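For this one, chain A is given, so just place chain B on it according to the hints.
Protein sequences, first through last, are from chains A and B.
According to numbering that gives the first Met the number 0, the first sequence is numbered sequentially starting from 0.
According to numbering that gives the first Met the number 0, the second sequence is numbered sequentially starting from 0.
Incorrect hints may have been included.
[To be verified] List time: in silico PhoX-like cross-link candidates among lysine-lysine, alpha-carbon distance up to 25 Å:
#	chain 1	residue 1	chain 2	residue 2
1	A	Lys675	A	Lys580
2	A	Lys617	B	Lys210
3	B	Lys193	B	Lys209
4	B	Lys328	B	Lys316
5	B	Lys8	A	Lys372
6	B	Lys175	B	Lys152
7	B	Lys193	A	Lys617
8	B	Lys315	B	Lys253
9	B	Lys193	B	Lys76
10	A	Lys580	A	Lys679
11	A	Lys580	A	Lys229
12	A	Lys216	A	Lys667
13	B	Lys157	B	Lys253
14	B	Lys7	A	Lys310
15	A	Lys580	A	Lys667
16	A	Lys620	B	Lys316
17	A	Lys620	B	Lys210
18	A	Lys617	B	Lys76
19	B	Lys152	B	Lys7
20	A	Lys372	B	Lys315
21	B	Lys175	B	Lys157
22	A	Lys620	B	Lys253
23	A	Lys215	A	Lys656
24	A	Lys617	B	Lys209
25	B	Lys328	A	Lys620
26	A	Lys620	B	Lys8
27	A	Lys196	A	Lys43
28	A	Lys620	B	Lys76
29	A	Lys196	A	Lys508
Just so you know, the hints here were simulated from the structure itself, not pulled from any lab data.
Note that this is a predicted model, so its numbers are computed, not measured.
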Amino acid sequence: MKAFFSIHSSAGLLACLLLLFIVMLGASLILAIRVKQLLAASRKSRQDGHCKPLRAYLQQFDRSQLTQLLSFRKNNQKAALLAALLLSQALLQPLNGLAQPTAKSVHSMWSETGVLITLVLIAIPVCVGVLILAARVLRVIRQQRYKLVRDEAEQLVEQLAAADEDIVTSLVKRKQALEYQLTNYELAGREQADDEKGLLGNVQNNDSLPFVPLKKKAVQRPPVSGELSKLVLWFLGCASFWLVFGTSVGEYIGVKFMAPDADHVSWLSFGRLRPVHTNVVFWGWASMAMLGLAYYVVPRVGNNTIASIRKGWWSLILINAALVLGTLTLMAGINNAGGEYREWIWPVMALFALGLLISLGNFLQTIARRTTKEIYISNWYIVSALIFTAIIVTVGYLPFWQDGLGETIVQGYYMHQAVGMWFMLFTLGLVYYFLPQQLNRPIYSYSLGILAFWAQIVFYTLIGTHHFVFSSIPWWLQTVAIVGSAGMIIPVVAGTTNFLMTFSASRHKISSSYTLPFFLVGVIFYFTGSLQGTAEAFRSTNLIWHFTDFTVAHSHITMYGIISFLLWACIYAIVPRLTGKEAPQITVGTHFWLALAGLLVYTVPLMYGATLKGLMWKEGKPFIDGVVFMAPYWLWRAIGGSLMWLSHLFFAWNMYKMLSGSGVPDVKDLALEQLKTQHKNNEQNILSAE
Amino acid sequence: MELFNNHKKLFRAAAVLFATLTVFVAVLPALHNQENNAPLPQSEPLSASAVRGKAVYIANGCVACHTQQVRNVDMDKVWGTRPGIAADYARNHRIDTWRNTATLMGTERTGPDLTNIGLRQPAIDWHLTHLYNPRIVVQQSIMPAYPWLFIIKENPAKEDVVVNVPAEARDEEGGKIVASAEALDLVAYLQSLKQVALPDGRATPEFLYKKQQAVTTGGSKTIELDGAALYTANCQGCHQQNGEGLKGAFPALKGSSVVLDNNPELMVDIIMNGYTGRMQEGFGPMPPVGTNNNLTPEEVAAIMNHEKTSWGNNAKKVTPDQVKLLVEKVQSLTKDKK
Chain A
0 MKAFFSIHSS
10 AGLLACLLLL
20 FIVMLGASLI
30 LAIRVKQLLA
40 ASRKSRQDGH
50 CKPLRAYLQQ
60 FDRSQLTQLL
70 SFRKNNQKAA
80 LLAALLLSQA
90 LLQPLNGLAQ
100 PTAKSVHSMW
110 SETGVLITLV
120 LIAIPVCVGV
130 LILAARVLRV
140 IRQQRYKLVR
150 DEAEQLVEQL
160 AAADEDIVTS
170 LVKRKQALEY
180 QLTNYELAGR
190 EQADDEKGLL
200 GNVQNNDSLP
210 FVPLKKKAVQ
220 RPPVSGELSK
230 LVLWFLGCAS
240 FWLVFGTSVG
250 EYIGVKFMAP
260 DADHVSWLSF
270 GRLRPVHTNV
280 VFWGWASMAM
290 LGLAYYVVPR
300 VGNNTIASIR
310 KGWWSLILIN
320 AALVLGTLTL
330 MAGINNAGGE
340 YREWIWPVMA
350 LFALGLLISL
360 GNFLQTIARR
370 TTKEIYISNW
380 YIVSALIFTA
390 IIVTVGYLPF
400 WQDGLGETIV
410 QGYYMHQAVG
420 MWFMLFTLGL
430 VYYFLPQQLN
440 RPIYSYSLGI
450 LAFWAQIVFY
460 TLIGTHHFVF
470 SSIPWWLQTV
480 AIVGSAGMII
490 PVVAGTTNFL
500 MTFSASRHKI
510 SSSYTLPFFL
520 VGVIFYFTGS
530 LQGTAEAFRS
540 TNLIWHFTDF
550 TVAHSHITMY
560 GIISFLLWAC
570 IYAIVPRLTG
580 KEAPQITVGT
590 HFWLALAGLL
600 VYTVPLMYGA
610 TLKGLMWKEG
620 KPFIDGVVFM
630 APYWLWRAIG
640 GSLMWLSHLF
650 FAWNMYKMLS
660 GSGVPDVKDL
670 ALEQLKTQHK
680 NNEQNILSAE
Chain B
0 MELFNNHKKL
10 FRAAAVLFAT
20 LTVFVAVLPA
30 LHNQENNAPL
40 PQSEPLSASA
50 VRGKAVYIAN
60 GCVACHTQQV
70 RNVDMDKVWG
80 TRPGIAADYA
90 RNHRIDTWRN
100 TATLMGTERT
110 GPDLTNIGLR
120 QPAIDWHLTH
130 LYNPRIVVQQ
140 SIMPAYPWLF
150 IIKENPAKED
160 VVVNVPAEAR
170 DEEGGKIVAS
180 AEALDLVAYL
190 QSLKQVALPD
200 GRATPEFLYK
210 KQQAVTTGGS
220 KTIELDGAAL
230 YTANCQGCHQ
240 QNGEGLKGAF
250 PALKGSSVVL
260 DNNPELMVDI
270 IMNGYTGRMQ
280 EGFGPMPPVG
290 TNNNLTPEEV
300 AAIMNHEKTS
310 WGNNAKKVTP
320 DQVKLLVEKV
330 QSLTKDKK
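Next up, chain A with everything else stripped away, as it sits in the complex (with noise of 0.2 Å):
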């Protein structure tokens, strides 16, 4: 098959001729219509006889017209007036277009690439001289229409000559009116501004050139309980060190790709490391985090306090312990045989379980306390995804299905409900929460997201097994799990709308906000990275993709752009409400660009090498092939985590700063103090005078 546009292509070489003659066919056209057009408005003014009168052109004259209009009728120059509208109108009508009368057509028999490369060359000077002829055409057309003009001026200029009075008048005025100007005091009168209700905030005395763009503080809120917000602050601080750690884990398994003889000690090996990053990366920042931002979502959305914050150090407690339990015993080769996130053993896992428990306890009597009428949305998304992962991780650890296949399809069921229930479930539920909360406007439809829950329930549910395709595991249950992928596109679709809808209002505010950039990139990765989820899971793109390390790259892209994108976004949001203190904004915004760029040089070489890597399998090539042909891709990924563990430092760093702040006491606060002491010393002066 020869390429279409080659030299050897009779078929492309007759499309190019087509092409040309469609193309002067078009030019031949539109020249042939203007000058129709110009040639029934030259009659038309003939027949017309005279222009229009005066008084639509003094609508038109502008204020530089008028003044010298005005200037002409004082010295009676009139001679002058004609030179002057000459110069202003004429320029008015630029012409364009190029155009040409001849064409050529070509038939099929001519199928010789001798004669047609003859007959491009012969239309090459053809087109030329076509050309030249179109612009000395227009050029006429130009002249006659020139012409046409000054003689309206000419008849212009005799009725301005014999004006009246009246319009003379009537032109002064519309000087006036032309010339009139705003004093710039309209609005705020001449008394000296006063901010009496205390309602300007970060006003900057320092004009000096920002090197970052200059966003918005966190605005104050209705004060949190000081009990509360050391409970919450100690979930996210834990969160924190779990994330570094988790990712630290993470960024070496990955550089192991490339040096697989990085070291020999069993507790450091591949295998035993790779179930740490994810339980770790799961259990202890993800999760910590957002049950931290719940304890302060819960109560504030029923409008009273949290029920319990005892409760909630136990489950503070119980959580840690379980990962420091679990990171244990799984480097010294103990699991839960095999099943992803269900690696650790049972005694582990009901100690975080445990912690789930009282805190669904905890928000559950909250709840019940509450007193607004209504349950806001954000607590049917986290109150539920609490009760869900009871079940989830219930039913996952029973031991009474679990012989030959029975594990797998628990399996399939575990590790996905584990996903979509806990994580995605429950951060929607914060975002539900915190983006209305930071654009100050509220959710755009409470209704779609009511939408989304349910349809998320009855189609998540289903989808687990698609991490069997073509497995011995049922070939209908697979059917239902590749269907209810399908089916996610309507929870999806529901929560990007109403997210982007509640955004797209306020779309202003996210180029002066440090945490409506983290919310808008968790959105758009919600849309993409859940809609690949659905990609992923038909037969067809299974059969390339499945056991390859596109699944790796989709893990991240939802894992880390959804969910922890979203996280990061509430935490900045909240964390410098509780404390009063806020993250250098430098490296906020280097946080969030080194997390971005990271996870895209990780994902999209990953999933394309992926892809290929696929396809070689499917030619038959050789196992060790595909091994070696992903180097490459291994080496932008280690690069891609690079990026991204190091913004999980600075993130780490702006936490530090935000609970402890900048270690260099305020100015004002310095001076108040100095106050103070001298105020006492002076009490104490007088008292021993006395």
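Same frame as chain A, now just chain B:
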């Protein structure tokens, strides 16, 4: 709506909906599959050593990279003679009080599938060397090394299994490398991983999405198979890319009298039936690779021609028809022996 403003009703409704769906999509199918399943007649339970080896496999998280499932798609043909069925997993039970039933089907295939590794690579020497450091036998491998499964002994006892490791691949000097009980158990487990034949009369499930046969052009001339790729997939693990094998473990094919012999019968015999002729020189037994991996006579011919013409070898090529006759001959010979 009442439902939306009453937390008891709302959360109860959500929980019941989720739990019901869970029962129908996970619990009932799992129970059904667990009840209606039995091991195939020819399958054998794992030996005590292999059971311990499975525990080592689990502890080191091998499932992170190795699958154990042959899917019913054409591309998985290289991993087994037939797609996996539920009965293949019927012997998978809960391990102990602390741990669930092992989930070893896997979702990532960074390394090769191991469903049939016991047949594909039965040589214990190969496995031990490969476990000590995979890059000794497979140069491009990125699998972790497991030197902690081996012990250094100055004077190995008679029953100790000594592993022949080139000096440059060792972490420390001196002594001999002896396989620990864990390493031997793990290899026993790997050797036990074999696909079992279906009972006679039962239809084998088909491989779907078959590759479309390339249309042959110009009469009856068949397309030559890629002998180098077939060699990489089937032979290179032992005989190496350069055809030189590994000293003291796998014999060289470069300059081998068997390969260069103009009568291909012995070579076909070795490929199809295995070989123990050079055990006394310290080389391990060669498995019947051609039979284990279901190689067609055309594929065997392509591999033989690659070996006969590479690395300086320059022997007469064989034709697929020639090999076909010889395969039939050597197979009937082994049947007679049995």
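Structure-based check of all given hints:
The straight-line distance between the Cα atoms of Lys675 (chain A) and Lys580 (chain A) is roughly 23 Å, inside the 25 Å bound, and the hint therefore holds. For the given pair, Lys617 (chain A) sits about 8 Å from Lys210 (chain B) by alpha-carbon distance, which is consistent with the 25 Å threshold. Straight-line distance between C-alpha atoms of Lys193 (chain B) and Lys209 (chain B) comes to about 24 Å, which keeps the hinted pair within the 25 Å bound. Among the hinted pairs, Lys328 (chain B) with Lys316 (chain B) is consistent with the structure: their alpha-carbon atoms are about 19 Å apart, no more than 25 Å.
Restraint check for Lys8 (chain B) and Lys372 (chain A): the C-alpha separation of about 14 Å stays at or below 25 Å, so the hint holds. Between Lys175 (chain B) and Lys152 (chain B), the direct Cα distance comes to roughly 5 Å. Compliance with the 25 Å bound is thereby established for this hinted pair. For the given pair, Lys193 (chain B) sits about 23 Å from Lys617 (chain A) by alpha-carbon distance, which is consistent with the 25 Å threshold. Restraint check for Lys315 (chain B) and Lys253 (chain B): the C-alpha separation of about 15 Å stays at or below 25 Å, so the hint holds.
Taken as a hint, the Lys193 (chain B) and Lys76 (chain B) pair is honoured in the structure, with Cα atoms around 14 Å apart against an allowance of 25 Å. Taken as a hint, the Lys580 (chain A) and Lys679 (chain A) pair is broken in the structure, with Cα atoms around 29 Å apart against an allowance of 25 Å. Between Lys580 (chain A) and Lys229 (chain A) the alpha-carbon distance is near 14 Å, which keeps this suggested pair within the 25 Å criterion. Taking the CA atoms of Lys216 (chain A) and Lys667 (chain A), the gap is near 18 Å; set against the 25 Å cutoff, the hint holds.
Of the pairs offered as hints, the one joining Lys157 (chain B) and Lys253 (chain B) is violated, with about 33 Å between alpha carbons and a cut-off of 25 Å exceeded. For the hint linking Lys7 (chain B) to Lys310 (chain A), the alpha-carbon distance of about 21 Å falls within 25 Å, and the restraint holds. Among the hinted pairs, Lys580 (chain A) with Lys667 (chain A) is consistent with the structure: their alpha-carbon atoms are about 15 Å apart, no more than 25 Å. For the hint pairing Lys620 (chain A) with Lys316 (chain B), the CA-to-CA distance comes to about 23 Å; that is within 25 Å, so the pair holds.
For the proposed pair Lys620 (chain A) and Lys210 (chain B), the alpha carbon gap of about 13 Å is at most 25 Å, so the pair holds. Between Lys617 (chain A) and Lys76 (chain B) the alpha-carbon distance is near 10 Å, which keeps this suggested pair within the 25 Å criterion. At roughly 68 Å between alpha-carbon atoms, Lys152 (chain B) and Lys7 (chain B) are farther apart than 25 Å, so this suggested pair is violated. Among the hinted pairs, Lys372 (chain A) with Lys315 (chain B) is inconsistent with the structure: their alpha-carbon atoms are about 91 Å apart, more than 25 Å.
Between Lys175 (chain B) and Lys157 (chain B) the alpha-carbon distance is near 13 Å, which keeps this suggested pair within the 25 Å criterion. For the hint pairing Lys620 (chain A) with Lys253 (chain B), the CA-to-CA distance comes to about 24 Å; that is within 25 Å, so the pair holds. Restraint check: the Cα-Cα separation between Lys215 (chain A) and Lys656 (chain A) comes to about 17 Å, which is no more than 25 Å; the hinted pair holds. Of the pairs offered as hints, the one joining Lys617 (chain A) and Lys209 (chain B) holds, with about 10 Å between alpha carbons and a cut-off of 25 Å not exceeded.
In summary, the hint linking Lys328 (chain B) to Lys620 (chain A) is not supported, as the alpha carbons are separated by about 30 Å, beyond the 25 Å threshold. Distance check on the hinted pair: Lys620 (chain A) and Lys8 (chain B) sit about 57 Å apart at the alpha-carbon level, beyond 25 Å; violated. About 68 Å separates the Cα atoms of Lys196 (chain A) and Lys43 (chain A), which puts this hinted pair outside 25 Å; it is violated. Annotation: proposed proximity of Lys620 (chain A) to Lys76 (chain B) holds, straight-line Cα distance about 12 Å (limit 25 Å).
For the given pair, Lys196 (chain A) sits about 23 Å from Lys508 (chain A) by alpha-carbon distance, which is consistent with the 25 Å threshold.
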